[in-house]
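Okay, here's what each chain looks like letter by letter:
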Amino acid sequence: MIGLLIQVAVIGGLIASAILVFFFRDLLAAALAAGFFSFLVSLEFYILQAPDVAISQAAIGAGLTTAIFIIAIRATTRFEGETP
Amino acid sequence: MRMSKIVRTGACILYPLIIIFGLYVVVHGHLTPGGGFQGGAVIATAAALVLVAFSHREVAGMVRKAVFSAQESLGLLLFIGAGILGLLAGAPFFANILANSGLLFGLTVPPGPNPGELNTAGVIPLMNIAVGVEVWGGLAIILMYLFSATGGEGT
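For the protein sequence lines, the chains are H and U, in the order given.
Residue numbering for the first sequence follows our numbering, starting at 1 and increasing by one per position.
Residue numbering for the second sequence follows our numbering, starting at 1 and increasing by one per position.
Treat the hints with care, as some may be off.
To be verified - Calculated Cβ distances over 12 angstroms to all of chain H for the following chain U residues:
hint: 1; residue: T32
hint: 2; residue: V109
hint: 3; residue: L146
Claimed, not checked - Residues from chain H shown here face chain U by an in silico Cβ test under 10 angstroms; the list is partial:
hint: 4; residue: Q7
hint: 5; residue: I47
hint: 6; residue: A50
hint: 7; residue: D52
hint: 8; residue: V53
hint: 9; residue: A54
hint: 10; residue: I55
hint: 11; residue: A58
hint: 12; residue: T76
hint: 13; residue: G81
Don't read these hints as lab results, they were simulated from the structure.
Backbone N, C-alpha and C define an ideal beta-carbon position, used for all residues, glycine too.
Whenever a hint applies, use it, and build me the whole structure from the sequences.
Laid out in structure tokens, this is it:
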């Protein structure tokens with residue numbers, strides 16, 4: 001029962017963070033929301049007893065991809081619709 | 001865009017801890033979840049943290065790209081060397097000749113439930129270490145080149 005509640009909470013967080021990525025106009029906040037999405041995916045992998053995949057997802061998805069997005073935002077514009 | 005003092009101090013505090021956790025994942029690859037690729041990716045996350053927190057001029061003063069490039073080549077050479085080690089002993093390519101030999105990583109796995117003996121499994125930990133070094137260098141040099149292409153400045 002507890003496990004089911006945790007899974008529902010994680011999946012609700014996944015849907016909420018994905019919708020937030022779509023609606024944010026601040027690209028830095030959108031990149032951080034995408035990183036939070038990856039973190040929740042890795043948590044879901046850990047709950048489904050795949051800790052190996054969870055470590056990969058946490059390092060690549062939540063760490064490196066967010067860093068690459070932040071580096072790209074630094075070189076261009078921060079808000080959607082601006083011209084660089 | 002210069003990061004605030006909180007971000008830079010936090011990066012300095014977290015950097016050694018992330019590297020130690022990544023090295024733990026690499027070295028314990030044959031006992032716990034994870035392995036060479038996962039540990040190398042965790043260590044490369046530490047490099048990404050420093051790259052995001054500091055400006056390009058400061059990072060270029062800390063390390064050079066040639067270090068990571070050499071590290072990537074060294075990892076590949078170590079992996080091939082671990083394979084050729086089997087050929088040198090008269091066994092097939094990638095044969096696990098170090099297992100149960102009493103040498104490096106050569107102890108026999110104790111029977112029954114146990115917390116895991118690090119000094120076992122033969123050449124598999126050597127391959128994990130090689131892959132860890134290679135992924136560390138490769139992902140770090142990707143980030144370094146991306147960061148230098150943006151100039152580290154911008155808005």
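> What hints, given by number in increasing order, does this structure fail?
Replying inline: Numbers 1, 3, 4, 5 and 13, in rising order.
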